[in-house]
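**Student:** Sequence:
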Amino acid sequence: EEALRSIFRESPTLIVAHCEDSARINANLERIQKVSPSRGDLEGSLHPLIRDHEACFRSSSLAVRLAREEGARLHVAHISTARELELFNPNDDRITAEACVPHLLFTDKDYATLGARIKCNPAIKTEADRAALRKALTDGRIRTIATDHAPHLLSEKQGGCLKAMSGMPIVQFSLPAMLSLVDEGVLGIERLVELMCHNPARLYGIKERGFIREGYHADLVLVRRKPWTLAKDCVESLCGWSPLEGRTFGWQVEKTWVNGNLVWDGSSFPLPPSGESVGFGR
87 EEALRSIFRE
97 SPTLIVAHCE
107 DSARINANLE
117 RIQKVSPSRG
127 DLEGSLHPLI
137 RDHEACFRSS
147 SLAVRLAREE
157 GARLHVAHIS
167 TARELELFNP
177 NDDRITAEAC
187 VPHLLFTDKD
197 YATLGARIKC
207 NPAIKTEADR
217 AALRKALTDG
227 RIRTIATDHA
237 PHLLSEKQGG
247 CLKAMSGMPI
257 VQFSLPAMLS
267 LVDEGVLGIE
277 RLVELMCHNP
287 ARLYGIKERG
297 FIREGYHADL
307 VLVRRKPWTL
317 AKDCVESLCG
327 WSPLEGRTFG
337 WQVEKTWVNG
347 NLVWDGSSFP
357 LPPSGESVGF
367 GR
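If you're matching positions, the sequence shown starts at 87 in the numbering used here and goes up one per residue.
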């Protein structure tokens, strides 16, 4: 703990933490392996029992405590449990939290059909946890939505919770997926823009991005209401698959601009890559 404390005491800038307690995870794994009939891999549905609620809470609560005691600026990435949300105050701008698209969409019931395709760290947890995360989008305890995009090949996602790689491709369809929450009444579209655009730019000190303002980089997306079902041939990522295949969304991305350049016209990438270095300020 003292090594961690020194980081929280001395860091001149934002600390972003992935919070899971390794000792708890290892103990859970050892216990489950002792009673499992399998001598090798374990089924994907056991992932949230290995990387369980307590592993998340122990680590998040430690990080929050150290940040408060040392006056550090802390942002806890990909919160996955209802209990962790109790650690955050919507009026405290120095200790904040993020939710990721997978934890806002999936529950542990989805392991039955998707298996290790939705294996990620922290693990997808219960329906009650998902409901709490969704509620926190509007009450201020969640400040940003991220994707935790990890485009593993489907071959790397084969097996159970020990052999399959952690993470999934999310970024391409993250906006239509989150707009589906708007349609469900989970949050308003203005709040969604704040969570996915404004707040990340503010939090990380990203210069001249995240807002539509004169003099800012024109990073824009045009969406329209158009029901469509995600098929495999919609996937542009080189990994060639999405855990959202088969889902129907009510919004479609029609055009995307980066630095003022049209990079997606609804069916193709019309220009060579036109990215620029992202500037940060403190």
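Be aware that a few hints might be false.
[Unchecked claim] Computed list of lysine to any residue pairs in SDA-like fashion (alpha-carbon distance at most 20 angstroms, straight line):
(1) K312 with W337
(2) K221 with N175
(3) K341 with G365
(4) K249 with W337
(5) K318 with D196
(6) K341 with S266
(7) K318 with L261
(8) K341 with I275
(9) K318 with N175
(10) K341 with L261
(11) K318 with G226
(12) K293 with I101
(13) K341 with S353
(14) K341 with K293
(15) K318 with C283
(16) K318 with T199
(17) K312 with K293
(18) K341 with G246
(19) K221 with K249
(20) K318 with K293
(21) K221 with L248
(22) K249 with K341
(23) K195 with N177
(24) K293 with V309
(25) K120 with L248
(26) K120 with K312
In case anyone wonders, no lab produced these hints; they're calculated from the structure.
**Student:** Could you run down the list of hints and mark each one as holding or not?
**Tutor:** Evaluated hints:
In summary, the hint linking K312 to W337 is supported, as the alpha carbons are separated by about 5 angstroms, within the 20 angstroms threshold. A C-alpha spacing of about 14 angstroms is found between K221 and N175, which places the hinted pair at or below 20 angstroms, so the restraint holds. A distance of roughly 24 angstroms separates the Cα atoms of K341 and G365; the hinted pair therefore is violated under the 20 angstroms criterion. With a C-alpha separation of about 35 angstroms, the suggested pair K249 and W337 falls outside the 20 angstroms cut-off, and the hint is violated.
For the proposed pair K318 and D196, the alpha carbon gap of about 19 angstroms is at most 20 angstroms, so the pair holds. Restraint check: the Cα-Cα separation between K341 and S266 comes to about 18 angstroms, which is no more than 20 angstroms; the hinted pair holds. This hinted pair checks out: K318 and L261 have alpha carbons roughly 18 angstroms apart, not beyond 20 angstroms. Of the supplied pair hints, the one linking K341 and I275 holds, its CA atoms being roughly 18 angstroms apart against a limit of 20 angstroms.
A threshold of 20 angstroms between alpha carbons decides the hint, and for K318 with N175 the separation of about 41 angstroms lies outside it, so the pair is violated. Distance restraint check for K341 and L261: the Cα-Cα separation of roughly 12 angstroms lies within the 20 angstroms cut-off, and the hinted pair is therefore satisfied. Using a Cα cut-off of 20 angstroms, the hinted pair K318 and G226 is violated, with the two alpha carbons roughly 35 angstroms apart. About 18 angstroms separates the Cα atoms of K293 and I101, which keeps this hinted pair within 20 angstroms; it holds.
A hinted pair counts as satisfied when its Cα atoms are at most 20 angstroms apart, and K341 with S353 qualifies at roughly 9 angstroms. Our distance criterion of 20 angstroms between C-alpha atoms is broken by K341 and K293, whose separation comes to about 23 angstroms. With a C-alpha separation of about 27 angstroms, the suggested pairing of K318 with C283 is violated against the 20 angstroms cut-off. Taking the CA atoms of K318 and T199, the gap is about 17 angstroms. The hint holds against a cut of 20 angstroms.
Of the pairs offered as hints, the one joining K312 and K293 is violated, with about 33 angstroms between alpha carbons and a cut-off of 20 angstroms exceeded. Of the pairs offered as hints, the one joining K341 and G246 is violated, with about 38 angstroms between alpha carbons and a cut-off of 20 angstroms exceeded. Straight-line distance between C-alpha atoms of K221 and K249 comes to about 34 angstroms, which puts the hinted pair past the 20 angstroms bound. Distance check on the hinted pair: K318 and K293 sit about 36 angstroms apart at the alpha-carbon level, beyond 20 angstroms; violated.
Of the pairs offered as hints, the one joining K221 and L248 is violated, with about 32 angstroms between alpha carbons and a cut-off of 20 angstroms exceeded. Between the alpha carbons of K249 and K341 the distance comes to roughly 38 angstroms, so the proposed pair goes past 20 angstroms and is violated. Restraint check: the Cα-Cα separation between K195 and N177 comes to about 34 angstroms, which exceeds 20 angstroms; the hinted pair is violated. With a C-alpha separation of about 25 angstroms, the suggested pairing of K293 with V309 is violated against the 20 angstroms cut-off.
At roughly 15 angstroms between alpha-carbon atoms, K120 and L248 fall within 20 angstroms of each other, so this suggested pair holds. For the hint linking K120 to K312, the alpha-carbon distance of about 50 angstroms lies beyond 20 angstroms, and the restraint is violated.
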